[in-house]
Amino acid sequence: MRELAMGRRAMERAVAAVAWAGTLLVVAAFGALLGELLVRGAGELSWRYLVEAPRDAGRSGGVGGIVVATGVLVALALAGAVPLALLAALFLDEAGAAQAGRARRRLAAALRRVLDVVGSVPSIVFGLFGNALFCRAFGWGESLLAGGATLACMMVPLLTIAFDEALQRAPAAERAAAAACAFSRAATLRHVVLPHAWPLLLAGAVLAVARALAETAALLFTSGYVDRMPTSLLDSARSLSVHVWDLALNVAGGEARACSAALLLLLLVVAIEAAARGALAWLRRRAGR
Amino acid sequence: MPSPRRLDRALQLASAAAAAAALLLLLGLAAFLLRESAPALREVGLVRLVGDRGWHPTRGAFGMAPLVAASGAVALGALTLALPLALAVAFVRLAYAPPRLAALLRALLQLLAAVPSVVLGFFGLVTVVPLLLAIEPPGASLLAGMVVLALMVLPTLALLIEGALAGLPSGERAAAAALGLARTTVLLHLALPRARGAIGAALLVALGRALGETMAVVLVTGNVVQWPSALLAPVRTLTANLALELPYASGLHRSALFVAGLLLLGATAALLLIASRCGARERWRGAREESARA
Amino acid sequence: MAKRAVKRAAPSRAPSRGCVDKLKALAEATRLEVLHELVDGEKSVSELQAALGVDQSLLSHHLAVLREAQLVATTRARRSIRYRLADGVAAAGPPPGINLGCCQLSFMPPALQKAARLLLLALSFGVLLPLAACGGTAEQQKLTLAGSSTIAPLAAELGKAFEERHGGLRVEVQAGGSSRGVADAREGRVDLGMASRALKEEERAAGLVGTPIALDGIALIVHADNRVAELSEAQIVAIYRGDVRDWSAVGGRAAPITVVNKAEGRSTLELFLAHFALRAEEVRADVVIGDNLQGVKTVAGNRDAIGYVSIGTAEVERSHGSPIRLLPLRGVEASTASVRAGTFPLQRPLLLVTRGAPSGLAAEFLEFARSPHGRTLVEAQAFVALAASP
Chain A
1 MRELAMGRRA MERAVAAVAW AGTLLVVAAF GALLGELLVR GAGELSWRYL VEAPRDAGRS
61 GGVGGIVVAT GVLVALALAG AVPLALLAAL FLDEAGAAQA GRARRRLAAA LRRVLDVVGS
121 VPSIVFGLFG NALFCRAFGW GESLLAGGAT LACMMVPLLT IAFDEALQRA PAAERAAAAA
181 CAFSRAATLR HVVLPHAWPL LLAGAVLAVA RALAETAALL FTSGYVDRMP TSLLDSARSL
241 SVHVWDLALN VAGGEARACS AALLLLLLVV AIEAAARGAL AWLRRRAGR
Chain B
1001 MPSPRRLDRA LQLASAAAAA AALLLLLGLA AFLLRESAPA LREVGLVRLV GDRGWHPTRG
1061 AFGMAPLVAA SGAVALGALT LALPLALAVA FVRLAYAPPR LAALLRALLQ LLAAVPSVVL
1121 GFFGLVTVVP LLLAIEPPGA SLLAGMVVLA LMVLPTLALL IEGALAGLPS GERAAAAALG
1181 LARTTVLLHL ALPRARGAIG AALLVALGRA LGETMAVVLV TGNVVQWPSA LLAPVRTLTA
1241 NLALELPYAS GLHRSALFVA GLLLLGATAA LLLIASRCGA RERWRGAREE SARA
Chain C
2001 MAKRAVKRAA PSRAPSRGCV DKLKALAEAT RLEVLHELVD GEKSVSELQA ALGVDQSLLS
2061 HHLAVLREAQ LVATTRARRS IRYRLADGVA AAGPPPGINL GCCQLSFMPP ALQKAARLLL
2121 LALSFGVLLP LAACGGTAEQ QKLTLAGSST IAPLAAELGK AFEERHGGLR VEVQAGGSSR
2181 GVADAREGRV DLGMASRALK EEERAAGLVG TPIALDGIAL IVHADNRVAE LSEAQIVAIY
2241 RGDVRDWSAV GGRAAPITVV NKAEGRSTLE LFLAHFALRA EEVRADVVIG DNLQGVKTVA
2301 GNRDAIGYVS IGTAEVERSH GSPIRLLPLR GVEASTASVR AGTFPLQRPL LLVTRGAPSG
2361 LAAEFLEFAR SPHGRTLVEA QAFVALAASP
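Protein chains in written order, with my numbering: chain A, 1 to 289; chain B, 1001 to 1294; chain C, 2001 to 2390.
Errors might be hidden in some of the hints.
What the hints assert, rightly or not - Just a few of them, taken from the derived set where beta-carbon distance is under 7 angstroms, the chain B residues facing chain A:
# : residue
1 : 1022
2 : 1179
3 : 1182
4 : 1219
5 : 1274
6 : 1278
What the hints assert, rightly or not - Non-contacting residues of chain C with respect to chain B, defined by C-beta distances greater than 10 angstroms in every case (computed):
#  : residue
7  : 2085
8  : 2157
9  : 2204
10 : 2264
11 : 2280
12 : 2281
13 : 2385
Unchecked claim - Facing chain B, according to a computed beta carbon distance under 10 angstroms, are these residues of chain C, among others:
#  : residue
14 : 2167
15 : 2170
16 : 2188
17 : 2263
18 : 2285
19 : 2328
20 : 2331
21 : 2333
22 : 2335
23 : 2338
24 : 2341
Quick caveat, the hints were computed from the structure, so don't treat them as lab data. Here a beta-carbon is modelled for each residue, glycine too, at the ideal position from N, C-alpha and C.
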């Protein structure tokens, strides 16, 4: 009996030790990642780096046009995806209402499933799709417009799912009260649903921005990789993520610069996510008071 | 100002139209991939797409099997590496770490989940590949791809597993506490068996992500088309093949690449549907939402 | 590249005569650029020339004007003259700028203005995606090139110089391989396809016309630390077929050879295979690369690698400090000089491909590429320039 207890204790110790070791390994790996980027990349980051055009295939100069192109791509994607996703989420929300018919509820369930599937499609497949549809069939060529549209297609399912969840935040009792008062749908939305939902709507959109910023594979075949300042939406231009890829793969001696660009990209993504989380927490605290 | 009724009607129509558009997106995606891959499916045929010796599309050999095998090997290998580590992190956070450290670990996981995959691939290129090169050239290899992909899926996997393990009913928790069971025992013998299904589903979702990843892989696997025979031998995955060849492919070659796209679409969709059967969808969403919020 | 300067901080009293002279001297694009460059620190004439991309004679004229206005001063280092901001003119920032003593200029990059405009445009178009596209098409003149990664850097340089001659024109260059260049030109997706090989019979039959703008060769490259000085053709074939797998078998240190091969669809691969009478299926590669630059990078990062790339690209990369060495072929040194002399065994023309005879902007671009200015740009990329067609 005692031996058994001893054995068990030893086993517990062993499990704990292995778990700690594994965790340390993970922390070390990611520490190495962040350390590498910080040590090799932070030195280059400066005001000039942000605004100057890249020179010598990106070995010197900055990321001026690239930052602009990245911003334009994300803005295009948001502009295309947010209205569509918001309306689609409204549809899902309505279908969940008590007075909605059975057929409609089924349709909504099917739509949710479809969105889940589309949301899990690899981004490079969206790249193929965008290349075939926007670049070739629509004749936009490799351009910011084609890249933005491809990103928008990618974001629609993610945003709709996020918005759908946000809209569900409105308590059923309040909705029922609104229905009892014969509120119009628009009025219910305006006075009952949105006050509960908007922080999460915003957070969903911001997270989608972070996702779009990080995207590379979908842009490779749709917005091309010209590293210059774009002057129109039909110009080809590279995003920051594509710049990292090109420096890492195609530029001998481009590592240091790739580190800077990667660090910048990471900082942007993390800052955006942190801002979304922080804002959400703040709103929740305020609401709680 | 339009009347409330009109506004309602417009809103309803617009939202129905948007929902239809969202549905159309999947149909359009599949339809376009099918349309573009039709020539290859018709003229080359599935048999040759699988059975041809080697992938030399410009000379009429369309054997995609090594690419598919490489994709599978890299993704499965990545999960094999990531699962024990994710379990370890989940155990530490749930049972061993003091609250402060646990919170710190969570923040770290969230930060890592946000790292763009191209950055991970770059990190693999400058650290993992040279490390392996020192062991056996060329360094860029199946193993390098596995390591990088493992790093990519690890944070989400750990958060998901933790969610599954923490879902022990409070009654059982109380009973375990009354018996004086150690936290390790509770996790190992109560929570883990209960969470097996959810962990399996999480693995399926992670597998889907790993299969579909391009940037992290293309930078580190060496991209030689061959069967994955050794850990330190280079391979080329389906996704890497797309990234390398789509820019210049034309004719049947281009069409064959779209077949690969179709294959990826089918594989990830199937994985997701199976996972949602196992009830992963809610949990996956739960974790995502939570990681977005906490 | 022209940066716009914004005047800031009006002088408290009327500026002196000297101040007006200084501002007068600054009211010219190149001179303003020179000042912007010197904000970073002193530079030699050749550095300035490289940064601005202007003729040396023109540059020295502008430098003389700047000297006279006491905006810049010279320092004589051993053999060269270096320019710096004159005393009394100080760098300021951020944003980067200069303090003239009487007033201060800050260099606002055009990035910010353009960014604001583009963002507005992007946000305003919303769901009206296709409409915006139609509006945008007619706006701007554009010349597009795609194809060979060997030619792409040269085409980008030519494009920049060509843009300066044509206000409002934008030249866009995408790499992707010669196959892409030929296919895109054939299907009319680009104005000029780039191909680093001669056109094939069936391509010419399809109405494609290739205009050579330069000559290049393909060289085997190894890491600079590799002891092997030369490989015979038989040895190269044996290495690429996997018959020889260790450097010790060909006179190097005992280490496994990392064979770097090019991806399909690349003309460099086709020409290499044809020259050595190899079939693609026979090659046993350890790493497969796409662009030339990736090949250089892979070999530079692996002491025991061997690869083959464009001589021009290799020479440019070597001069940028990549630790690579070009191996002679059949005893002929692999260099631009050998290609020029016509003695190098593995040479090729660099073509710009059009569907039918070149016309319009494409023809002008081709003409420019073979003009004296164009030829200096070709030589700067370590390719051999061709004389203008008779």
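Hints and how they fare:
| no. | hint | in the structure |
| --- | --- | --- |
| 1 | 1022 | 4 angstroms, holds |
| 2 | 1179 | 13 angstroms, violated |
| 3 | 1182 | 5 angstroms, holds |
| 4 | 1219 | 6 angstroms, holds |
| 5 | 1274 | 12 angstroms, violated |
| 6 | 1278 | 14 angstroms, violated |
| 7 | 2085 | 38 angstroms, holds |
| 8 | 2157 | 21 angstroms, holds |
| 9 | 2204 | 17 angstroms, holds |
| 10 | 2264 | 5 angstroms, violated |
| 11 | 2280 | 6 angstroms, violated |
| 12 | 2281 | 6 angstroms, violated |
| 13 | 2385 | 27 angstroms, holds |
| 14 | 2167 | 31 angstroms, violated |
| 15 | 2170 | 21 angstroms, violated |
| 16 | 2188 | 13 angstroms, violated |
| 17 | 2263 | 6 angstroms, holds |
| 18 | 2285 | 5 angstroms, holds |
| 19 | 2328 | 25 angstroms, violated |
| 20 | 2331 | 29 angstroms, violated |
| 21 | 2333 | 28 angstroms, violated |
| 22 | 2335 | 28 angstroms, violated |
| 23 | 2338 | 29 angstroms, violated |
| 24 | 2341 | 32 angstroms, violated |
Of the numbered hints stated above, those contradicted by the structure are hints 2, 5, 6, 10, 11, 12, 14, 15, 16, 19, 20, 21, 22, 23 and 24, listed in ascending order.
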